[in-house]
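Chain order of the listed sequences is F and R.
83 is the number that the numbering used here gives to position 93 of the first sequence; each next residue is one higher, with no gaps.
Add 12 to a position in the second sequence, counting from 1, and you land on the number used in the numbering used here.
There may be inaccurate statements among the hints.
[Unchecked claim] Think about it this way: if two alpha-carbon atoms lie no more than 30 Å apart in a straight line, the pair counts; the simulated DSSO-like pairs of lysine-lysine are:
no., chain 1, residue 1, chain 2, residue 2
1, R, Lys152, F, Lys36
2, F, Lys13, R, Lys140
3, F, Lys295, R, Lys152
4, R, Lys151, F, Lys295
5, F, Lys130, R, Lys45
6, R, Lys35, F, Lys267
7, R, Lys315, F, Lys134
8, R, Lys273, F, Lys267
9, R, Lys135, F, Lys134
10, F, Lys79, F, Lys67
11, F, Lys134, R, Lys151
12, F, Lys85, F, Lys13
13, R, Lys45, R, Lys135
14, R, Lys35, F, Lys130
15, R, Lys212, F, Lys267
16, F, Lys302, R, Lys273
17, R, Lys45, F, Lys134
18, R, Lys152, F, Lys13
Read the hints as simulated data drawn from the structure, not as lab findings.
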Amino acid sequence: MDNQLIKQPILEIRNLKTWFPIKRGIMARTEGYVKAVDGISMHLYKGETLGLVGESGCGKTTLGRTLLRLEEPQKGKILFLGKNLLDLKRKKLKKMRKKIQMIFQDPLTSLNPRMNVLDIVTEGLVEYKIIKNNKEDHAKRLMKEVGLDENSIYRYPHEFSGGQRQRISIARSISLKPDLLVCDEPVSALDVSVQAQIINLLLDLRDSYNLSYIFISHDISIVSNIANRIAVMYLGKIVEQGPAFDIINNPMHPYTKALINAVPTPGIYKKKKIVLKGETPSPSSPPPGCNFHTRCPEVMDICGKIEPQELKTEMRQVWCHLYKG
Amino acid sequence: MSKKLLEIDKLTVSFETDEGVFKAVDDVSFHIKNNEIVGLIGESGCGKSVTALSILRLIPSPAGRIEKGRIIFSSKDLLKLDIREMKKIRGNAVSIIFQEPAAALSPLHKIGQQMIEGLMLHKNISKKTAWNIAESWLKKVSIPDAGERMFSYPYQLSGGMQQRVIIAMALMLTPDLVIADEPTTALDVTTQAQVFELIKELRQSHTSILLITHDIGVIWEMCDRAVVMYASRIVEEGNINDIFSKPAHPYTKGLLKSVPKLSTDAERLMPIHGYVPSPFNYPSGCYFRDRCPQAFDRCKKEKPQLVDLGNGHKTACFLV
Ligand SMILES: Nc1ncnc2c1ncn2[C@@H]1O[C@H](COP(=O)(O)OP(=O)(O)OP(=O)(O)O)[C@@H](O)[C@H]1O
Ligand SMILES: Nc1ncnc2c1ncn2[C@@H]1O[C@H](COP(=O)(O)OP(=O)(O)OP(=O)(O)O)[C@@H](O)[C@H]1O
Ligand code: SF4
Ligand code: SF4
Ligand SMILES: [Mg+2]
Ligand SMILES: [Mg+2]
């Protein structure tokens, strides 16, 4: 294989900022911003899975939606296959959209209640003129792939259980065989045995189609089962990034440590938790210095004053004053 | 021994669809005592939410119908109450945290407005007091800028924040029983831990909880007892230590093995092989038979009934 090609990331994000204006009063004056994504840089190679983990409200979904341009960023670059998505006009963007698909967090709001499953899972195939007839066969194949009864294609979303609905949206998103799949909590609504099946399915699809995933999840144990690399987010920023094995077995950032420690694991005894104290700070006025310092169990004097710089080794990056280059 | 707060007795719920009628919940019986946290676990579509909705008689009709059974809550059969009495129970004595936030929050109204409605209705307090209570509960579920967020619309909150709003709405009514249907599926472990601390505090003040979840780790950390469902029926029930240390039903055993562990070993997860059968095509005999590694002749012919193994540990399998 051509080495140049492998080294070229399929996706590269540079200093991305997606801020939501806070408007108040009759004049709807902007009085500040929710800094949901606040200066994120990352990259993704072909066939690779990047796991994105972090606290509820830290900006994971916003980052995913920005990649599909469902949110407009304030600043930054999104290079997909070498092109800056933010420069693309409508027609080109539509073409690109076929290559980037997203599975959404809440299946109920992302599935059209008035369409039956047959139409939902084949919508993309029809829209992009990939199939004309035998919609039924395609729908049945997709249903089977995600572990649903192929005879239920004429049913409507509300007739399925929560978990079944999420499988329907997974079927829809893989129908176009995209290059990049942004999975926003794709298995959170599923029970463990189905989670395992879906993760294995995603792994199979990754191998056979050389798919790349951004796998967003608040659950680091699930991420550890699918990701090659993991990026840990806190309050709009990445605090640590590296190969999955290293992050799990040797977390460096105190927030990552807390995240890994809090995973409930069935076993013989109930372990002592590091429960993070204090309120989650506001993303519209993040704490100065290190934005984790208000809750960090290892906080030092310097942390509230100076923002930690990136410490970079070959494969890994961490932003924390505990580590010096 | 504390008293039974809720007792579900032989509940059977069916749905009518274009393809015909099927049972979503079949002959389900279990109970919840005062101050107890009971976990309800099982594969997607097995009937957990339908069971939960039945308790408050929220099964969508005419498609769904409670065919038989009794639901005794504080010595009253809820299935016999008239609508007015039932409305008093909902939210006040029993509140439910719905599985999907989107279904529980109106997209058109601000969070604060939606929160105070229930409070004013059930607690007979002024708008101002209700507002303060609601805001304090937003803080308790770790939502930053709670005061500000009262004025937000649901779409302006993240998935997990919406879920926490729903949790706050259910808990702030301080009911006797909280039915929590997958309450923390959208929450990261640290936020989840905070919410669970809150739920445990509530238990101290005499609230019982029915916790529906697919997360076995959560069942382990939170519950006193667990009920395992498969394909509309209960297959195992018992206290937590029994369920985890000596699971009796092959389905429960499979479930425990398929938990994603925190590790990056290249090893694949071990899901239970095969798929949940469609409710129209349940196999004869034991419903788990098609997927059971230990199935034998008898499993084809007869339906196993729940057998008591002692200490309230029950299972429906011919192997015991
Ligand atoms: N309104 C409805 N109309 C028809 N069938 C329904 C309806 N609601 C639920 N069902 C069916 O009833 C069965 C049980 O559904 P239920 O929602 O209780 O599952 P669940 O155990 O909560 O699953 P999950 O873990 O996915 O939430 C499923 O087969 C589902 O498709
Ligand atoms: N449309 C919007 N308008 C205003 N604020 C928004 C909007 N969408 C998201 N936000 C805010 O941006 C922040 C990040 O939200 P986001 O949905 O990206 O979080 P998340 O990491 O996906 O959380 P979760 O794990 O709970 O889904 C939150 O504070 C949220 O309230
Ligand atoms: S920089 Fe300081 S406050 Fe921030 S994570 Fe490191 S030790 Fe904690
Ligand atoms: S009754 Fe038979 S098929 Fe059913 S779980 Fe037991 S051994 Fe398996
Ligand atoms: Mg999200
Ligand atoms: Mg459910």
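Quick rundown of the hints versus the structure:
1. With a C-alpha separation of about 43 Å, the suggested pair Lys152 of chain R and Lys36 of chain F falls outside the 30 Å cut-off, and the hint is violated.
2. A threshold of 30 Å between alpha carbons decides the hint, and for Lys13 of chain F with Lys140 of chain R the separation of about 24 Å falls inside it, so the pair holds.
3. For the given pair, Lys295 of chain F sits about 28 Å from Lys152 of chain R by alpha-carbon distance, which is consistent with the 30 Å threshold.
4. Restraint check for Lys151 of chain R and Lys295 of chain F: satisfied, since their Cα atoms lie roughly 26 Å apart, inside the 30 Å limit.
5. Note on Lys130 of chain F and Lys45 of chain R: the hinted pairing is violated, with a Cα-Cα distance of about 45 Å set against a maximum of 30 Å.
6. Annotation: proposed proximity of Lys35 of chain R to Lys267 of chain F is violated, straight-line Cα distance about 46 Å (limit 30 Å).
7. Restraint check: the Cα-Cα separation between Lys315 of chain R and Lys134 of chain F comes to about 28 Å, which is no more than 30 Å; the hinted pair holds.
8. Of the supplied pair hints, the one linking Lys273 of chain R and Lys267 of chain F holds, its CA atoms being roughly 26 Å apart against a limit of 30 Å.
9. A hinted pair counts as satisfied when its Cα atoms are at most 30 Å apart, and Lys135 of chain R with Lys134 of chain F does not qualify at roughly 49 Å.
10. About 15 Å separates the Cα atoms of Lys79 of chain F and Lys67 of chain F, which keeps this hinted pair within 30 Å; it holds.
11. For a cut-off of 30 Å, the pair hint linking Lys134 of chain F to Lys151 of chain R is broken: about 44 Å separates their Cα positions.
12. For the suggested pair Lys85 of chain F and Lys13 of chain F, the alpha carbons sit about 34 Å apart, so the restraint of at most 30 Å is broken.
13. Of the pairs offered as hints, the one joining Lys45 of chain R and Lys135 of chain R holds, with about 25 Å between alpha carbons and a cut-off of 30 Å not exceeded.
14. For the proposed pair Lys35 of chain R and Lys130 of chain F, the alpha carbon gap of about 24 Å is at most 30 Å, so the pair holds.
15. The straight-line distance between the Cα atoms of Lys212 of chain R and Lys267 of chain F is roughly 17 Å, inside the 30 Å bound, and the hint therefore holds.
16. The suggested pairing of Lys302 of chain F with Lys273 of chain R holds, with an alpha-carbon distance near 28 Å, which does not exceed 30 Å.
17. A hinted pair counts as satisfied when its Cα atoms are at most 30 Å apart, and Lys45 of chain R with Lys134 of chain F does not qualify at roughly 41 Å.
18. Pair hint Lys152 of chain R plus Lys13 of chain F holds up; C-alpha atoms about 25 Å apart against a cutoff of 30 Å.
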